[in-house]
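K.L.:
With chain A fixed as given, assemble chain B onto it according to the hints.
Number of protein chains: 2
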Amino acid sequence: MDLHDLTRTLHSKSDTKIVMLVADGLGGLPLEPGGMTELETARTPNLDALARRGISGLSIPVKPGITPGSGPGHLALFGYDPLKYLIGRGALEATGIGFELGPNDVAARCNFCTLDAAGHIIDRRAGRIDSQQSAPLAIRLRQVRIPGVEIFVEPVKEHRFVVVFRAAGLGGNVLDTDPQATGVPPLRPVATDEASRRTAEIADEFIRQATKLLAGEKKANGLTMRGFCARPNLPSYEEVYGLRAAAIAVYPMYKGLARLVGMEIVGKSPGISAQTLDEQLAVLEQNWASYDFFFIHFKYTDSTGEDGNFAAKVQRIEELDKAMPRVTALNPDVLIVTGDHSTPSFLRSHSWHGVPTLLVSNCCRYDGCQEFNERNCLRGGLGQFEAKHLMTLALANAGRLAKFGA
Amino acid sequence: MDLHDLTRTLHSKSDTKIVMLVADGLGGLPLEPGGMTELETARTPNLDALARRGISGLSIPVKPGITPGSGPGHLALFGYDPLKYLIGRGALEATGIGFELGPNDVAARCNFCTLDAAGHIIDRRAGRIDSQQSAPLAIRLRQVRIPGVEIFVEPVKEHRFVVVFRAAGLGGNVLDTDPQATGVPPLRPVATDEASRRTAEIADEFIRQATKLLAGEKKANGLTMRGFCARPNLPSYEEVYGLRAAAIAVYPMYKGLARLVGMEIVGKSPGISAQTLDEQLAVLEQNWASYDFFFIHFKYTDSTGEDGNFAAKVQRIEELDKAMPRVTALNPDVLIVTGDHSTPSFLRSHSWHGVPTLLVSNCCRYDGCQEFNERNCLRGGLGQFEAKHLMTLALANAGRLAKFGA
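Going down the list, the sequences are from chains A and B.
Heads up, the first sequence is in the working numbering, so the first residue is 21 and it goes up one at a time.
Heads up, the second sequence is in the working numbering, so the first residue is 21 and it goes up one at a time.
Since the hints were derived computationally from the structure, they do not count as laboratory data.
Since the model is a prediction, treat every value here as computed from it, not as a measurement.
Every clue listed holds true.
All copies of an identical chain are treated as equivalent in the list; a pair is satisfied when it fits inside any one copy or across any two copies.
Pairs of lysine-lysine, DSS-like flavour, derived with a Cα cap of 30 Å:
| id | residue 1 | residue 2 |
| --- | --- | --- |
| 1 | K33 | K177 |
| 2 | K423 | K177 |
| 3 | K83 | K33 |
| 4 | K83 | K423 |
| 5 | K104 | K423 |
Okay, chain A solo, but in the shape it has when bound (with noise of 0.2 Å):
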């Protein structure tokens, strides 16, 4: 019996609404042995205020020790064992460029590379090719034909651009023509199971006809594909939490993965999303009453950490804490303040820390923290816990479980 066994039959319907605030690469560490951490520097007095008020923990992500990328990240808080539901690299990349990946596509990440006279392998990403050289030769690759198949080819970044087959009944399991070193030609596709066949050589006369259009090219005359993967199959929030859920996201990666568990995405106006924190509230503000659960993502935090730019991302926090007076103004019933995981501007990265995590709502057990940061986090009645339980609390703080068993 695993977590959405329970939710699914215990969930029950109730007009509470549920905020859940990311604030993505949210945990940090200090520049200097038992100095502060971001979180710790920067002037919080709002989500002090409500530390104070509510429950506080780490959030585990997936495992002590496991950094994780955005996908098993926010796979975890949404409720979904990261473990259990693991997203194909090419779904991924796929969902993180904004293409929607339907029931009859599969999809792989590939990345051009050079070949030498013989097909061998010269340069696995073709020079680090840049976006601007690299982004017409994707697209020429639009030219192949095969039938009974659509294809989609989008670039990405430098070397890297995803590729979509779309026909029923395709099997995702192929595994990736890179052979991981140069000095040999790349492999061909491989299926490893029998619905994937087809699959496999689709794969193999589209790399055939790329071949042929990339011939002349310096340095991307060849490519390699990775991370094959089928639309994964999730179970929706609907279905698991009894849940109308929205997702507030600027990025397109959030919004594909709050899509995939069947959020729906809001913005500004049909297909135009929010760009900034204030115009990510007035969407909340103006979809409240269509929703039971809102998912607000706001990757500053992340990204400042990823350049290791340790006061930018206090300052990032501090805009974020200026936004919670218009969040609980609307008064909640369960407001959620976290991370889908560290990124420390030391570490320049994303890391496994213990994630900063607060929990309001007014039936949580006050544990005396005083201030909304790591070490009073530590100390939290929330406890360290692993990321994918957070759902449930949030449910049962929301009135909206009942009880298991009699």
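P.N.:
Just chain B now, with coordinates in the frame of chain A:
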């Protein structure tokens, strides 16, 4: 490998004694933000002294955010994973009224309902007919005769009663006949596996005869059957822990749950339960030499919580505290005080909040807790832990578990 695979092979002989005192629904909430819970309000000098000697923590009955009924709550305390050992509603209802299910029994909870002339349900609960009217009707149904089957009909409360079919080889997997709607007839019983086909036939015939016997009744002229369930098959305390266990409980539900794991029910005299806490302690003293493990159930911390009576719950906790010296006078090697779940009077219901838990032995590691209550337990040495681990800790502290691996 589950917990019982470990304890089953590791338990060792000893003459140590373990007492587990379960104050039902012990955990609470403050009435005002930042205020004190029932347990924090109560004067508990004896429990506080034990907290200074022992180790404290908060137990999570099932998983974070999941509110358990009495069944899963107690099974977890007894060391049985409540998500593995699911007890059907029929068995739990029978257990709750003191019916001792045998190995050839299938139980179902039944509702009287009101049918119109066409046999369609008008009221699924027969107008919530009162117990004085419904009990004689349930007893009338004892006239049903089906060859080869022994049938038991027991009144419960209001529109509810329990039916048990006894015959060799009956399966318990039959779907509910309650259509969960009015304006339609009750469903026919349908078996979901081969072993339960005969059970469904018996239920069908029972309903046919019962409906005849109820003809002419104004409110309760029909019935529905739900939660069909064979006797749960749980490994015994003797087998998994090597413990001769005694249960000292007032209410049938808790005696029934204890019986399911092989505890013996001990009382004032054969067949007569102790009624007050004083009487329960007398029973504990009388039986001290005969058992290794004692489960004592104290109901009133839950019932006062369910009533929303904060002051009465405080008083019941103080009553429990006054009883502690009589328990400690027996010098148990391990003394545990806990609850099966929280029942905050603020919520007037069971809840998901962590349950204050205390373990005292001569080899627990002291944690500096000064009082026994929610805020001390949050900082305690047991941390926040799933209740199913408590029995393993009890056995370890009692010197009853050998080393795992060489």
